[in-house]
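Asks: Given chain A's structure and the hints, the job is docking chain B onto it.
Number of protein chains: 2
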Amino acid sequence: MTITSFHPPRRTLMGPGPSDVSDRVLQAMARPTVGHLDPAFIGMMDEVKTLLQYAFQTKNELTFAVSAPGSAGMECCFANLVECGDKVIVCQNGVFGGRMKENVERCGGTAVMVEDEWGTTVDPHKLEDALKAHPDAVLVAFVHAETSTGAQSDAKTLVALAHQYDCLTIVDAVTSLTGTPLMVDEWNIDAIYSGSQKCLSAPPGLSPVSFNQRAAEKIRNRQSKVQSWFLDLNLVMGYWGGEGKRAYHHTAPVNCLYGLHESLVIVQEEGLENSWARHQRNHLALRAGLEQMGISFLVAEQDRLPQLNTIYIPEGADDAEVRTRLLNEFDLEIGAGLGALGGKVWRIGLMGHASNQKNIDYCLNSLKAVL
Amino acid sequence: MTITSFHPPRRTLMGPGPSDVSDRVLQAMARPTVGHLDPAFIGMMDEVKTLLQYAFQTKNELTFAVSAPGSAGMECCFANLVECGDKVIVCQNGVFGGRMKENVERCGGTAVMVEDEWGTTVDPHKLEDALKAHPDAVLVAFVHAETSTGAQSDAKTLVALAHQYDCLTIVDAVTSLTGTPLMVDEWNIDAIYSGSQKCLSAPPGLSPVSFNQRAAEKIRNRQSKVQSWFLDLNLVMGYWGGEGKRAYHHTAPVNCLYGLHESLVIVQEEGLENSWARHQRNHLALRAGLEQMGISFLVAEQDRLPQLNTIYIPEGADDAEVRTRLLNEFDLEIGAGLGALGGKVWRIGLMGHASNQKNIDYCLNSLKAVL
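Order-wise, the sequence lines are chains A and B.
Using our numbering, you'd call the opening residue of the first sequence number 1 and step up by one each time.
Using our numbering, you'd call the opening residue of the second sequence number 1 and step up by one each time.
No lab work stands behind these hints, which were simulated from the structure alone.
Yeah, the Cβ is synthetic: ideal placement off N, Cα and C, and Gly gets one too.
A couple of the hints might just be wrong.
Stated by the list, open to error - For the chain B half of the interface with chain A, some residues (derived, Cβ under 7 Å), not all of them:
hint, residue
1, 5
2, 35
3, 106
4, 156
5, 160
Isolated chain A (complex conformation) (with noise of 0.2 Å):
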């Protein structure tokens, strides 16, 4: 058998990520590749800290892009934080919580979890229950964007709670980066980690993060080595250039930070305010058509992400089949419910590139043409 070059259909990206890539940022993709030490490239990787500093709102010097997809910029962070025997207070509403449960134990750590209910948002209340209970917990943990729900959690009121029971943080913003306000340093997150395919549309494949101060000295002073080579800071900093120098660690996925990079400048030049407020905007122009449909949402009102809109299956439809239609009658993408979500909810997203009127337009007739 021959296989033959692979002509990708255009789809209109309205689940849960990947967006629709501008094509400004496929066209960055396709320029000529050059070494991962060539002068030019580090000139570029040094922008790109730049504009992730100003998409965080963070001066952090150790803000950089992990080579690889979001979870493992999650992966990143615990297992650069987290060592053997720590004790990490994770906050769990939807499925990505679970995901950071998982890394602790694989870290050698002990999670304690605190649990809400799908599509609701983290309680406060709850975590400082625990932080009391656990005097010896070290780490808190929890997703600001749920993905999976679409409920947007209170960071600020959450980190400022592990400071006061002397607790790091470790925020997921996977989905929030540049859709919602996100203020890394006002808001003292010390570790966080997002994705380049959600708000900041540029294709999969790399993972937006970043450390504090308290963060970098944490991993600076580890009892024992971090366990994975590949994501132990302490060596990627030679590279991105924390520490001054440019030593080699590995091969940076050069034409995927030439995408991200476009996408970056592109955020600066539309401004993050007015990223939050278009976002926002779209939002409420989705949710108005959608509730015409009589369909409602999972999530509070006031909880809500405006670039994750998680709706219930409308009685009678058929999830699968809905979708299916949906990808094939119309190149359109939504996403389906995820875990205990699984056949009840759809998940809309109209994040970064992909939050436009002719988007929502096309989204609702289309939905109505299938329903």
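Replies: Below, chain B without anything else, positioned relative to chain A:
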């Protein structure tokens, strides 16, 4: 400061990788992003698997691309196959054997080092001595094609020896895949990893791997969980389809996989034997030119990798100055020495798309102009 779009220079990449990427592959990278669970994408992943099986010369079901650069492919092999307390014999004849040792130790294993001089091949007699001295060893790891020195070891013999002593094998084929003969099934290699940016000439960011039944069984029967969630093959396989169904694990780097797919289609079009022959032919042409200039090779003739020519820096030439001038005046990248060979050698790659007469002429003429 406003940061604008990045336009890289067009270099000729004749270092140890990344190698020149063809316009076909670059264009594939820029095709519209689709969802990582889109049936169209899943179909393409099946093709990538088939094409990788061809490139590796294997029927292994467990053949796919790790969603991160070669270092993560290495870590994927070690994290899955090494359990706490395992004894692993690591053959080192360059930088990457040292990285294997790091991996073993970070997985809680003990590394028994078999050391050969950098620039020489792994000595099977030394390996056999180590196997005899350590009957409790469970794994043997070595580098087929040492990217830091340009030496190629006899993988077939080393694997056969390991099996004689009931050890599984992990083989680093980052620089050998499609450049020199590599027969995963015929040589009975148990686990192998490579990189996208060497002889495949795709951009960096993916690591093709393959595991045979014996290796897969060891992974399935582990006593402990794999310490990396991101690289846990028991989970990854749910997505790449080794066990049938496509379950969400992490978001695959969609556009990078477009690029890898196209590069593998090119390999298939040329044919593996033709690719090996081309690499050998071009190596001889470069060698002739270099020898005319009085330049000599680090590695003995019969052990040289045709795709990575490691030469002594000529007397009187300034390492950094020459490479900087080649880059600035000729847009030509050659590689510096790594580790103990820093300042002593240069590494000239003739890998994949970059292995052609035009590059050879250009490299020789540029070197003459600068030296």
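Asks: Now look at each hint and say whether the structure bears it out.
Replies: We went through each hint and held it up to the structure:
| no. | hint | in the structure |
| --- | --- | --- |
| 1 | 5 | holds (6 Å) |
| 2 | 35 | holds (5 Å) |
| 3 | 106 | holds (5 Å) |
| 4 | 156 | violated (27 Å) |
| 5 | 160 | violated (29 Å) |
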